[in-house]
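Both chains are sitting in their own frames, so use the hints and assemble them into the complex.
Each chain is listed here by its residues.
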Amino acid sequence: MGRILLGFTIAIVVGLILGYFIWRYKLVEDTLGFVVTALQSIPSIVWFPLAIIWFGLNDFSILFIVTIGATWTMTVNATSGFKNVPQLYQRVAKVYGSSGFHFLRTVILPASVPQIISGLRIAWAFSWRALMAGELLGGGGGLGQLLEMGRSLGQMDLVISVMIIIAIIGTIVDNVVFSRLERNVEVKWGIRGRA
Amino acid sequence: MYLRIDGIEKSFIDDRKENVKVLEGINLNVKKGSFVSIVGPSGCGKSTLLYLVAGLDKSDRGEIRVDGNLVTKPGPERVVVFQEAGLFPWLTVLENVTYGLILKKMPKEVAKTKALDVLKMVHLSRYVNSYPHELSGGMKQRVSIARALVMEPDILLMDEPFSALDEQTRMVLHKELLEIWRKTKVTIFFITHNIREAVLLSEEVVVFATRPGRIKEIIPVPTMKDGVTPDSVTLNTEQRILSILQDEIEKVLKEEMGDDYSFKTDHLHRGDSGDMGSHI
Ligand SMILES: Nc1ncnc2c1ncn2[C@@H]1O[C@H](COP(=O)(O)OP(=O)(O)OP(=O)(O)O)[C@@H](O)[C@H]1O
Ligand SMILES: [Mg+2]
Chain A
1 MGRILLGFTI AIVVGLILGY FIWRYKLVED TLGFVVTALQ SIPSIVWFPL AIIWFGLNDF
61 SILFIVTIGA TWTMTVNATS GFKNVPQLYQ RVAKVYGSSG FHFLRTVILP ASVPQIISGL
121 RIAWAFSWRA LMAGELLGGG GGLGQLLEMG RSLGQMDLVI SVMIIIAIIG TIVDNVVFSR
181 LERNVEVKWG IRGRA
Chain B
1 MYLRIDGIEK SFIDDRKENV KVLEGINLNV KKGSFVSIVG PSGCGKSTLL YLVAGLDKSD
61 RGEIRVDGNL VTKPGPERVV VFQEAGLFPW LTVLENVTYG LILKKMPKEV AKTKALDVLK
121 MVHLSRYVNS YPHELSGGMK QRVSIARALV MEPDILLMDE PFSALDEQTR MVLHKELLEI
181 WRKTKVTIFF ITHNIREAVL LSEEVVVFAT RPGRIKEIIP VPTMKDGVTP DSVTLNTEQR
241 ILSILQDEIE KVLKEEMGDD YSFKTDHLHR GDSGDMGSHI
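These protein sequence lines are chains A and B, in that order. Take the first sequence: its position 192, counted from the start at 1, is 192 in my numbering, and no numbers get skipped. Take the second sequence: its position 47, counted from the start at 1, is 47 in my numbering, and no numbers get skipped.
Keep in mind that the hints were calculated from the coordinates and are not lab data. For each residue, glycine too, the CB sits at the ideal point set by N, CA and C.
Calculated cross-link-like contacts (lysine to aspartate or glutamate; reagent style EDC-like; alpha-carbon spacing at most 16 Å):
#, chain 1, residue 1, chain 2, residue 2
1, A, LYS94, B, GLU77
2, A, LYS94, B, ASP57
3, B, LYS114, B, GLU152
4, B, LYS31, B, ASP67
5, A, LYS188, B, GLU95
6, B, LYS32, B, GLU152
7, B, LYS21, B, ASP60
8, B, LYS32, B, GLU204
9, B, LYS32, B, ASP154
10, A, LYS188, B, GLU134
Coverage of chain B stretches by chain A, computed from C-beta distances (three or more under 8 Å per stretch; other residues unrestricted):
#, region
11, 70-77
12, 82-92
13, 96-108
14, 125-135
Bound conformation, chain B alone (with noise of 0.2 Å):
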């Protein structure tokens, strides 16, 4: 296995100075240049996993390797793509891009034609010397996605990275991303709140549970040879992980809410927005 999570714990200090677990036996494997996407109630620790993975957080108990090399720092092999862009507002978007290829000390010139490539890949050439602000949503995001790349990292790590935007541009990166992943088969490892987009991307879906955030379910995606899949099966999938986590939502609105409170299944129908379980 590539990338192996094995027996992961972590814990928070909340406001109260109580300690909260997050995380608890967490064990997964990802197979090199698969797309595995991870959807779960809001605070089940999806967020804090990857920091972990990515290495900018500590678990307090398990390890995490890639390729067999323990995690323990943040590494240009696996790089991640946040819900904000993070554009750093002070640098063009070449200059963004290269940040990470300029710190492994690549001279500037070939980081450069590395930088314009991948831009070129995600159709944003003419946007080489404009600054962050001078960009939508979505060309923003486009950016962040490039820098990740140039990088050519083996894990790509994405925290919602769509949520933030608008459903058209949503659907175009939905394209621009699958054909990224097939074009250079970096490993993926997608978080998201919206099932349909999870489906619609991945190969796995990771379904998590909550308090203390675990994995429930790991649901295959039945993908026909062609690349078309009917959308009677991506339906029948997306009603399964749904069902899935509707006992999961119920259980954090208990919490909240107290015991009175009797869940409306009808809520969580598909709207005509197609986006279904995207409010979880």
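Extracted from the complex, chain A is given alone in its bound form (with noise of 0.2 Å):
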């Protein structure tokens, strides 16, 4: 748990500031625009061997992997985020003289809040797939290792266990904390009426 906390916390930060210079600067949005699209379609455990050559067969290995399947989707609404900041609020700060960092952080960051807490969502899901998966192949302890640990065993109580404790932390997270997280967000923010 600890791993995918803190590399869910790179992959917001550096999806934050890669968006940030897509939406920005038009030559990086054609270049590395581009690449962000194409890496996210990329299935997080394929960057597993990769990261065994760089990284070795630890626990490291499986941080980067969890990060990497964040780190795009991340980027990618982080962007559309910032994009779709309505103009009206922009021009109200410009009204009252804001600019700069000072624009940033508080017009442009807190008006792409509910689409960047879709871009966790989603992120969460990545994240979790790729923890299982680079637990079950590489080690390091954690629900993965002990799957893997009930399949050697020939143990399917063990096996079926695990996969129910899986799906539960998985939608614990996704439905209590990301779904509730997003309506109140929305509510507030004005993009969803009070249901």
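Here you go:
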């Protein structure tokens, strides 16, 4: 779990920074923008062999694929969040004298929060899958490893229980954390009416 | 003259990459403390002119001066109230109102006191800590007016600020705006589609012609010394503005629908709702 949080945090930071550059500079959009879209379509487990070559079969490799799975999604969502900040907010901010970093911090970022949260939700799904796959193949403890152990011992009950736990954790995070966060933000940002 | 608009010209590149002249030869002088309305057909460049005065956009030719100073960028002495309130949903009412003050590096406590004062003026003291999504459309627009007033601007630029509101709310806000104007003596530059609203609120109505946008006529609105103007006088002024606009609207419709279009005058007669000309 620690891995996924760390990986996730890195993905958010990198995603926001890349998103910023893609949004801000046309040249970056034309070049990097396309690459990111291509990278996004690679399932993160595909990175695993490369990670093993680079870092060896260890925790770091798992962290790497968890991060990389979430990063591209975050980048794409951050970019589209920044791009879709309503003109009206931008005009209002300028009228009151906002510019530069202040403009980014008080308008562009908060206005993109709904998109960023949907990005998080998708990124979470990718990361969670990547984590399980990584642990299954790579070890380093965790649920994936337990699953692998169950298989080698031929313990059906262990395998099934671990699968159930994986499903439960995945669902709880998706439904309780992200879904609720998304709904609250959408109501507050005025995208969705009060239900 | 206080606000001086001198020989303004502005073109845009449209979807077909053609150069379209939106404003041509705009000259307008506005006295300090006056209330001036702009009416004109849709797309004639009213908002464009307002953005130029606000400093949100640059003209191709001509200059705009406020109190002798050339307008080059937005400034806290010229604030805009847009058609949509445009409050930041992630900030409370109070935080929205103090946004510009804090940017001006005013200490938080001072800004708060000022904000509470203006919020009282627009009758929103009870909603200081609410978020925008908890407010009605009229309340939101009040907050956006408060956010503008708290800057103590020299000129309040308003781009159809009431057109998204229902009739009742609009009438209340008309009254409040006039009170605010009398109390603060701020200069108001007001764009509207509603001739009645223009005549009711302002001292002068600038009628725009279209394609390219230019000033067709400036109509003074007669007011009696005691502040109560007889309906017949108001109606007369409305009629006059309407007849000037009819030619322009006809021109637009002809261009859009071909020459065989014949203008149906009776469509423009006053409806029961009394918001004459609000469809232009
Ligand atoms: N940024 C822009 N790029 C290209 N064309 C623009 C731009 N802004 C405005 N225009 C064009 O300029 C013309 C005038 O627009 P403007 O918004 O000033 O009209 P308006 O008089 O405010 O109309 P309305 O009454 O409908 O609000 C329109 O034809 C519009 O399409
Ligand atoms: Mg407009």
